[in-house]
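The primary structure of each chain is shown beneath.
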Amino acid sequence: MLQYLLRRAGQALVVLVGAAILVFALIHLVPGDPVRVALGTRFDPEAYEALRRASGLDLPLHEQLVRYLSRAAVGDLGVSFRSSQSVFELLMERLPATISLGGAALVVGLLIAFPLGILSAIRRGSAIDHVARIGSQVGISVPDFWLAILFILLFAGALRILPPSGYVPLSEDPLEWLRHVIMPALTVGLISGSIMTRFIRSSTLEANDQDFARTARAKGLHESTVLRDHVLRNAMVPIITVAGIQLASLLAGVIVVEVVFAWPGLGRLTYDAVLARDYPVIQGAVLLVAAIFLFANLIVDALYAIIDPRIRVR
Amino acid sequence: MSALFELVDFGVQIGTRRGTAHIVNGVDWRVQAGETLAIVGESGSGKSMSVLAATGLVPSPPARFSGQALFRERDLLTMEDRERRRVRGRHIGFVFQEPMTSLNPLLTIGRQMTEAPRQHLDMPSGEARDKAADLLNLVGIPEAAQRLDAYPHQLSGGMRQRVMIAMALMCDPEVLIADEPTTALDVTTQAQILDLVTRLQSQFGMAVVWITHDLGVVADFADQVAVMYAGRIVELAPTSALYRTPGHPYTRGLLDARPRLGETEAELATIPGVPPDPRRLPPGCSFWPRCPYREDPRCETEVPPLREVAPGHLVRSFYSITQRAPRDQEA
Amino acid sequence: MTSASPVEPMERSLEAQEPPEEGTRWALLAAIFESPVTVLAVVIIAIVLFMAVAGELVAPYGANEINVMNQLQPPNLTHLFGTDELGRDVFSRVIIAARVSVQVSLVSVALALVMGVSIGLLSGYFGRWVDIVGMRSMDVIFSFPVMLLALAIVAMLGPGLVPAMIAIGVVYTPYFARITRASVLSVREETYIRAARSIGASDARILRLHVLPNVMAPIIVQTSLSLAFAILTEAALSFLGLGVQPPQPSWGRMLFDGRGFITEAWWMAVFPGLAIFLTVLALNLIGDAMRDALDPRQRSAIEARAGNL
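Residue numbers (my numbering), protein chains in the order written: chain A, 1 to 314; chain B, 1001 to 1331; chain C, 2001 to 2309.
No lab work stands behind these hints: they were computed from the structure. This one's a predicted model, so the numbers in the text were calculated from it and none came from an experiment. Just so you know, not all the hints are guaranteed correct.
[To be verified] Dumping the calculated SDA-like pairs for lysine to any residue here, alpha-carbon to alpha-carbon at most 25 Å:
(1) B/1131 x B/1111
(2) B/1131 x A/164
(3) B/1131 x B/1149
(4) B/1131 x B/1074
(5) B/1131 x B/1105
(6) B/1131 x B/1201
(7) B/1131 x B/1065
(8) B/1131 x A/311
(9) B/1131 x A/170
(10) B/1131 x B/1073
(11) B/1131 x B/1157
(12) B/1131 x A/222
[Claimed, not checked] Computed Cβ-Cβ distance ranges for the label pairs, DEER-style:
(13) B/1080 x A/175: 19 to 25 Å
(14) B/1080 x A/107: 38 to 44 Å
(15) A/299 x C/2077: 29 to 35 Å
Virtual Cβ for every residue (Gly too), placed ideally from N, Cα, C.
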């Protein structure tokens, strides 16, 4: 099993380096001069030169790549064009907000998806099956920014029971945090939950159709035993993958929702950086997200190996 | 004398988008303890479906059933789910076709084998494990006790099939149903498995229902053979009678099609055409479109009844070809 | 003992000679017309296409017909969806804005399809290092959430119609690549491919004539689903101000504008959003219906190819 995990970690590292190179290329594929574009109206020859040198853009390309990669490996992601703050610091500042929103959204999503997905699979054609299928269809088709606006209109506008935007850290005031996180978490959670519902349903249906489920029923076991020990246990394997990817997505920052609710997370940071052409921040955020994604994938692989003995032996 | 397990006028229908499919039609057979019934037919003949549906393994909507499936004179079809499950688990053992996928890949062999007796017989787990190890030994798996903690993917196909057989015997069933158990195995392993089941049958005195598409496999081992075509039994006879004096053109066709050592004819005989769509069965005999004999005008428009052409030998036909150029049977 | 059933070898040899599933594309089409819900979805898409092509002809007002005196009017008989802050008719703008969504989604998905299917075909058919390089680069793209990557590309190229198309196209390429590759892998070892190779057909010919037609069905399904998500992504980019720029109207942009007036004029944001929602829902329903038609598990025992009962 260790061998398997090491191998997967190695692959992930390769992909991460590839992502880093892509991210590095970002700044060089900008048509025109990125520093000039970033300075925009604040252009002045001295600032321009200083910024160019500080970002190493005066060095030859391959040297820049090496510089970038070696620094990124130790966590030095450069300095913001806009605020001269360390990119790494900026990212770390914003991470907690994103994580708390992502966590809350994941909880909402799972609470919806597991019961609906499983029940809809084992009671095909029933009322709950129809609700789950229609609901999840709607859930994946609805634009998140529109849903957010609808929620704001309802809860902050008409009912006035929730604040329309803003953030209070969980550590500071849990109740206020909750009041602020409900709408964004619901927005993201409903959509994410819809995706997972569909997947859990199809995964359970597939496991239920397998030969070993038939063998279990042939043995006359209670239906609950068949479902628990045979069907769901096997269905879990792909489900965990999807849940893991969802979590990674959520942790990586849900840009649009953070913007609508003025939630100070990674997503909003990235968005502001894009507007300001603050390339080092954009690069740093993208790289961090790729790293989170790959890490989440590794965790999923580890879980996979724990649950499925066939993987372990390889 | 009442049978241990019998089907009476059993039928299975499934509604599809393009009409109702009659997968199984008016099937009657019975087995006693210690007897082996072979059900032979090609894909789509309803041979597996009839047995699976009779024992409650086919979900009832969308399928509909007619007739009776009697285990010790109690109709499985009209029982409550819970009771049917109990009867099935406790008294009937199953061995399926695909040993690769018929075992749960995530649970150990021991866990899968002891599930049923612990539930149906209230057997304590230690005792169940011992029994499992004994049965694994009996079916010829070396180092039985260690294997209990192994996972299915760690065994070969032949060994997995043996495990399935041992697992089927855990509750001392009175009927063993084997649905194409050797189809997915190589010829040598096939022979071993057949041998094993024969031995186990004489040891435990079970009734065995062996479903297969291969007439050759059961020649030595079955007491009776039922040949199915398009959901109906077209011939039911003691084994030797079936092979030596087949009464139905389809059976005849199947037997003639076997290539035999020493033959020097250029082409293999085949039955031209394909079986009918279960949603659109012909009004008369289902085999009529492909039948080379067609000796009775009623064949086309009426479904022939099963007639007894010799003691214990039933043929679904208006005429009988048992007296035609008999072929000697070779195993 | 030898096998005695004459029919099975005959069936198997017939199957081996023909490429399978010639009817699958028609099955997909048939699936759409089976349920009233999906027929409705097709109607919705037809309406959206019509609006995209002939929007100006049908809309009661112009897209940029400014009339500040009429600003921020709620829905009424003269303005079905109300007016925005510049007095423009929201209903007309919604109709005309369909064009952008249709344009961007079609072009970007076409881009993703061409690139993705090519990579998938080559990876799946040739294998080994072609496969490794192809799939690892897809993995790199996959390691970013869709919106983030789109955002980054737009950051590079600047906001606008074309950058949005490119961004979405790049982001969706891996989906097509993976699906194509998976189909190719399952088809590659079929007998008829070996037969073609044995008579000396070139790889290109095999790919074009034998492999591609048989992987079409999953690609068609993926196209429908990708179109849906492309519309969502384009709308999101526009909502963030990074997609199509004014004066060209787009649904996402209308929501961006509407957000500033959410307390006074809810109709500015609600109706364009509804348009996006219905269009995407329709595409998803169609895609789902087609996918159900493909999935062998869904077919009844009768229709399954080698039905063994």
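Is the Cα-Cα distance between residue 1131 of chain B and residue 1105 of chain B 25 Å or less? 22 Å, holds
Are the Cα atoms of residue 1131 of chain B and residue 170 of chain A separated by 25 Å or less? Violated: residue 1131 of chain B and residue 170 of chain A sit about 57 Å apart, past 25 Å.
Is the hinted pair residue 1131 of chain B and residue 1073 of chain B satisfied, with a Cα-Cα distance of at most 25 Å? 30 Å, violated
Are residue 299 of chain A and residue 2077 of chain C spaced within 29 to 35 Å by their CB atoms? 58 Å, violated
Pair hint residue 1131 of chain B and residue 222 of chain A, alpha-carbon separation not exceeding 25 Å: Status holds; Cα separation ~22 Å.
Can you confirm whether the C-alpha distance between residue 1131 of chain B and residue 1149 of chain B stays at or below 25 Å? 14 Å, holds
Are the Cα positions of residue 1131 of chain B and residue 1111 of chain B separated by 25 Å at most? 12 Å, holds
Okay, residue 1080 of chain B versus residue 107 of chain A on CB: inside 38 to 44 Å? 40 Å, holds
Quick one, are residue 1131 of chain B and residue 164 of chain A close enough, alpha carbons at most 25 Å? 66 Å, violated
What's the verdict on residue 1131 of chain B and residue 1074 of chain B, does the C-alpha distance respect the 25 Å limit or exceed it? 29 Å, violated
Does residue 1065 of chain B sit within 25 Å of residue 1131 of chain B, going by the straight-line distance between their CA atoms? 37 Å, violated
Verify the proposed pairing of residue 1131 of chain B with residue 1157 of chain B, using a straight-line Cα cut of 25 Å. 22 Å, holds
Hints 2, 4, 7, 8, 9, 10, 13 and 15, counting from the list given before, are not met by this structure.
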